[in-house]
Amino acid sequence: MKPLSRFQYRFKAMGGPCSVQLYAESENEAALHAKCAMDEVYRLEAKYSRYRNDSVISEINATSLKGGGMTVDDETAGILNYAATVWHESKGLFDVTSGVLRKVWDFKSGALPSQLSIEAILPLVGWGKLNWNDGLLAFPLAGIELDFGGIVKEYAADRAAAICLQLGIQHGLVELGGDIRVIGPHPDGSPWMVGIRNPRIPEQAIAMVPLQQGGLASSGDYERYMIVNGVRYSHLLNPSTGWPATSLASVTVVADQCLIAGSATTIAMLKGEQGLEWLESLGLPYLAIDQSGVHHGSI
Amino acid sequence: MKTEKSRTLNALTSAALAIPAAAVSTNAIADAPPTMTEVGYRYSQYQEDDIAESDKVEDVGSTQRYDINIHQFRVLTPVGDNYSVDATFDYETMSGASPLGTIQGADGDPLLVMSGASIDDTRIDLNVKTTRYYENGNASIIGGYSTEDDYEAFNLGLEGEKHINDKLTTLMGGIGYSDDTIEPTPAPGRVTEEEKYTATTFVGIAQVINAESVLQTSINYAYSDGYLSDPYKLVDQRPDSRSSIAWNTRYRHYLGSLDAAVHADYRLYVDDWDMVSHTVGIEWHQNIDPNLRVIPSFRYYSQSQADFYKPIDVVGIEGDKSSDYRLSPFGAVTFGLSAVAHSYNWKIIVSAERYIADGDLALGTVETEHPGLLQYTLLTVGFDYAF
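Residue numbers (my numbering), protein chains in the order written: chain A, 17 to 315; chain B, 3 to 389.
Read the hints as simulated data drawn from the structure, not as lab findings. Every value quoted in this text rests on a predicted model; they were computed, and no experiment measured them. Watch out, some of these pointers could steer you wrong.
[What the hints assert, rightly or not] Under the rule of at most 30 Å between Cα atoms (straight-line distance), these lysine-lysine pairs were calculated in the DSS-like manner:
no., chain 1, residue 1, chain 2, residue 2
1, B, Lys169, A, Lys51
2, B, Lys323, A, Lys51
3, A, Lys28, A, Lys124
[To be verified] Coverage of chain A stretches by chain B, computed from C-beta distances (three or more under 8 Å per stretch; other residues unrestricted):
no., stretch
4, 46–58
5, 190–204
Just so you know, even glycine gets a beta-carbon here, dropped at the ideal spot from N, CA and C.
Just chain B, same shape as in the assembly:
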C-alpha cells in the first residue's frame, strides 16, 4: 500500500517538475540597474535656534539665524540593459542672519557680532550620476552644479564598486574634483571674486560577516587649495590649503528575533589645520509591521579647534585667524526619529531631528565656549514612487 502511494507522490512530483515555466530574466543576479523608474520628493525645513540676546552685541544685527526650506526632487531610472541615471535637484531658500565675528564682552567672554536679518539666498543644486553595471560591479560618473547668489560650484567624480569573494566582499573607490567660485556681495575691504579647488579620493571595503551583519570601512582623503576663508567675516584669514583624512566605519547588524537592525557608525577626521573630530552614530531600525519601520537615532560629535582659531577677533595681527564657530572646540548631540511606510512601489518618509552643540559636550575641556554654537531642528517629509 505504502509503496503504491509513494509511487503517487513520485508521479505527482515528476509531473509538477515537468511544467516548463515561461523564461524569466535573471538579470538581477549580476550587479544590475534598477528595473523600475523611481521618482522621489523630499521637503525639509531646517531651522536654527535664535541667538540669545545676551550672547550678542546689543542692538547690532539680528538674533534670528538661518531658516532653510529645501525641496529635493529625485529621479532614478534604468537606461538600456546596463545603465542607470540617478539625478537629484535641490531647490533651497534660506533667510536669516549669521555671525560676522566676535568681540570681547564685559566679562571677558566673546560676544557675537550678528549680521542683519536681511540675508536671503536661493540655492540650486543639480547632481547627475550615471552608472554602468557589470557582472560583478559597477562604475559611475558623477557631475554636479550648484549655484547661489554669490556662489557657483562644479564638481566631477568617478567611482566604482567591485564585488569579489562570491559577492561577500565589495571593494570601492573613487576620485572627485570640484571648482568653487565665490563672488561675495560687494563691500569695502571684501574680496570680489575668489576660487578654490578640491580634489578627493577614497577607497573602501565592505565585508558581509554573516547573514545578519556587514562591516564597511573606508578612508577618504581631501585636498583643497585656494580661497578657504569666509569673506563675510569681519576678520577671517585661513590657510590657502587644507588636507584632511577621514576614516569611516559602518556596522550593520540585523536582529532577527526583534525584527530590527542596528546601524552603528564611527568617523574619525583629522586635518592639517590641527582639527580632530570624532562622530559616533547609532540607529535602531525597528520593523513595527513589515510595511512600517520606525528609526530612532542618536549621534555624538566632538571636535578640537583649528590651530588658528581665536574665540575673539583681534584686528591687526599677522597670520591666519578666524573666530568661526565651526572651527571652535565643541561637542554636539543629535536625536532623530523617522518613520518609513512602504509597499513594493511606494514609500512615505517622515523624520525629525534635533541637534544641540555645546562646549560642555566636547571630549576635552573647552575653556571658552563659542557663543555662536548651533542648535537646530530639521523636519522632513517625502515619498518615493516606482513604476
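Next comes chain A alone, as it looks inside the complex:
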C-alpha cells in the first residue's frame, strides 16, 4: 500500500473539456478508477446525445416525429420524472422541449430571428403538450423534441463521482464542462477551490469558491450569445416567449447534487428580474452577478 497521490485525467465529452481528479495509492489504481468514471460519462453521452442516431433521445424524437407513444427504461424514466418536476417547480421556465428553439436562434449568425419564425416554432415547445405517465411517453402533437441539455451533463457529473465513491475513492473532483461534483475533499480535509468565471471576461476567475462536498454549477449569458445593436442575446431562451432571458449575467449555485445546482442556475437565469429573489428563497448558497457587475448571494 502506498500513500495517496493526486492524479488528473482530462478528456472531452458532453461537448466540452472534462476532467477527473482523484487521489489514489497508485497511478494504476487512479487510472482504472478514472476510466470507470469516464466510461459512465461516455455511457450517458451516448445514451442521451442528440447527435447519435442510436441514442435514447433520438429514439424518443423519432417516435415524436411519427406521433404516438413509447415506453422508456428506468433511468430515462427517472430523468423524465426529474424534467417534469423541474418544469413544474420553475413554473414552466425549465423545459426540456425548448431545445427546438435552437432551430431559429443561430448565435453564430449574428442575426436575430424574425418574430414570425419564433412564433412558428413555439407550438412545438411545452412539456405540457406531451404525456408522461407511468413510464409511457406519448406525443399527441408530432414533432416535439426532447433535449436533456441542462440535465444530463450535471447528472453525469453526479454519476461519475458516485462511481468513484463506490470504487473506494474518497478524495476527488469531477468536472464536466464547468459543472462540478466533488467526490470528497483533499486528503487533509481541505476543500477544492473552484474558480467562478467573470461573465464579462470568461477566461478570468472573478471568485474562488471552496467546495468541500456536493456539486457546483454555473450558468451565464457569456456561454453562447450574440450582440445585436448593442443588446446581448444569450442562449438561455424563455420557452413561453422564445426570447432570451435578460437580467443576470451569471449565476453559480452550490447544492448537494450537481444536477440540482445546474437546474437552479438555469431557472434563476430564466427568471429574469425575479431570479435573485427566487435564489434567495431556494435556500442554496449562490453567487449571482448582475448586468452591472454587482455580486449578490451568500458565496
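Put chain B on the given structure of chain A with help from the hints.
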C-alpha cells in the same frame, strides 16, 4: 415564500435522487484484478565507465567495462474475474571486459587484471506472476527462467498479501526458491559446471498512518548453498553457503500543499560473510502538472567487506579468498532524475541515473580502495499502454 421555495428544493432533490442509475460493478472495492490489459516496454542503456589505465596492469586486457542494452516487455492482464497474469520478458545484450583479479602494483596498491574486451553475452529472462484476488487480499505464484551463454536459472515463488484493519494495514509474506547452474567457458583449471540453490522468505507489514503517509517494513531472509564463487576470477574461493538478512523500511508521505510526495527508504543488510550494508534512498515525486510528474532521487550506499576479501590476490594460500570489488568495502551515491507523463490509459517514462562508488564514500575508513569500483550511467525510456 421561503418555505414554498424550500419545498422546490425538496421536490428537485427527491426527483434527482429517484433517478435509478444503471448498475455499476463495484468489484474494485475488494482486492481486485486490473480491469484493463496493460502492455509496457522499456529500453535501458547501462554503461559502466572505463577503467583508468593507471588502475590496471599495463597492456593486459581492456579498459572498457560492461555496456548492456536491455529491452523489457511487460504484459499485465486480467484473467476471469479473480485472476491476473503479469509477465515480463527481458532481452539483454552485454559486451565489455570485467576484472579477472588483482595484483600488487609498484606502490603497493592493487592493480586490476582485466579480461579482453571480447566478452559478449545475451541474457533472456522470463518471469510470470499469476495472482488470485480475494475479498481482502491476494496470493501469487511466480515462476521464472533466465539464461545466458554460460548460465541458467529457474525460480519459483509464492507470496501473498492480506488487508486487515479496514484495509489500513496490510500483512505480506512470501517464499521463494531458485536453482542456478553455471557452465563457464572452458579454460584450464576452471570449473566446468556448478550449481547453487537459494531459498528466500520474507514477512512484512504496511500501515497507513493517515491519508498522507504510509510506512512499510519487511524482513527478508535468504540462504544460498552450492557454488558461490566466480569461476572467471583468477583466484576466487568463497564459502559454499551464505545466509543473509535484510530489513527494509519504506516511508511514503504526500505533501498536499506542494502536490508532491516524498519516498524515503532504508535498508540494512547483514550476512554471515561478515558483510553489513546500509542503503538510504530518497525520492521526490513532484506533480508539475497533474499529467506530468518529475522525480529527482538520491541514494546512498555503504558496505563493509566480506571477511575473506583480499584486495590483492594471493595464490597458494588455503581457505576462502576473493578480490571481487563487490565484496570490498566502499560507499556509493546514485543521482537520478525521471519524468513520467501519463493519461488514464498511457504513460511515458524517461529516466537517467548516475552511480558513483568510491572508498571515500564508505561509512568507515577504507584502507585500500579497490581499483575496480563501478561508475555507471543508466538511461531508460519506455511506455505503458492500457486498453
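A quick look at each hint next to the structure:
no.: 1; hint: B:Lys169 - A:Lys51; verdict: holds, 23 Å
no.: 2; hint: B:Lys323 - A:Lys51; verdict: violated, 58 Å
no.: 3; hint: A:Lys28 - A:Lys124; verdict: holds, 22 Å
no.: 4; hint: 46–58; verdict: holds (count 8)
no.: 5; hint: 190–204; verdict: holds (count 3)
This entry does not satisfy hint 2, going by the numbered hints stated previously; all others are met.
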